[in-house]
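Undergrad: Dock chain U against chain E, hints included.
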Amino acid sequence: QKEVEQDPGPLSVPEGAIVSLNCTYSNSAFQYFMWYRQYSRKGPELLMYTYSSGNKEDGRFTAQVDKSSKYISLFIRDSQPSDSATYLCAMRRDSSYKLIFGSGTRLLVRP
Amino acid sequence: DGGITQSPKYLFRKEGQNVTLSCEQNLNHDAMYWYRQDPGQGLRLIYYSQIVNDFQKGDIAEGYSVSREKKESFPLTVTSAQKNPTAFYLCASSIRLAGLEQFFGPGTRLTVL
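Chains E and U, in that order, are what the protein sequence lines are. Residue numbers for the first sequence follow the working numbering, beginning at 1 and rising by one. Residue numbers for the second sequence follow the working numbering, beginning at 1 and rising by one.
Just chain E, same shape as in the assembly (with noise of 0.2 angstroms):
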């Protein structure tokens, strides 16, 4: 079983729906949790992390984390065709310096 589970997608949604994309893991040691956006054939770029668990805003993007049902979540508003890319989450335990990632989720907004 791999440690951090996510749904490969596509998942295809109309310009202006809300999006919601989701990590499960294993470790529950894990604190600071990461979504990385990756255009393609580019690399990763850190959109936004949470430390433990609650919700951070910024932006279109919310991120929530629930230690106690080792889930997390992206939300995006107000999506746009230019958000179309794959979503990676990763986390790692408190002073640690390895990130374990998500496999990534793409994500397509149509127009």
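Just so you know, these hints were derived from the structure itself, not from any lab. It cannot be assumed that every hint is accurate.
[To be verified] Okay, derived cross-link-like pairs now, EDC-like style, lysine to aspartate or glutamate, Cα gap no bigger than 20 angstroms in a straight line:
1. E:K98 x U:E15
2. E:K98 x U:E101
3. E:K42 x U:E24
4. E:K42 x U:E62
5. E:K98 x U:D59
6. E:K42 x U:E15
7. E:K2 x U:D54
TA: Chain U only, in chain E's frame:
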């Protein structure tokens, strides 16, 4: 502009050949990393370096080698011992080894013919 550059963007190699992938950063970061990305799999750590002249194996180091002679540079050599080298290779850096944000380069796609 600060960032990470990787070259070449595409690389083709014949079986049995060694190839070296370049990674350069001008972010003044101490830590650098090499990842491999395959379809349907998350990024997997090949090697990492905390500081100049020091590097450690990651989860899938077999068939790869690295050097860190300068702070800015962390080249990766894919040797003929790597059984399945066709993949997308990503270099990253962070301020320090446990730094929260890893900045990624644009990647090199290696294809073995």
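Undergrad: Does each hint fit the structure? Answer for all of them.
TA: How the hints compare with the structure:
no., hint, verdict
1, E:K98 x U:E15, "31 angstroms, violated"
2, E:K98 x U:E101, "12 angstroms, holds"
3, E:K42 x U:E24, "16 angstroms, holds"
4, E:K42 x U:E62, "25 angstroms, violated"
5, E:K98 x U:D59, "10 angstroms, holds"
6, E:K42 x U:E15, "26 angstroms, violated"
7, E:K2 x U:D54, "30 angstroms, violated"
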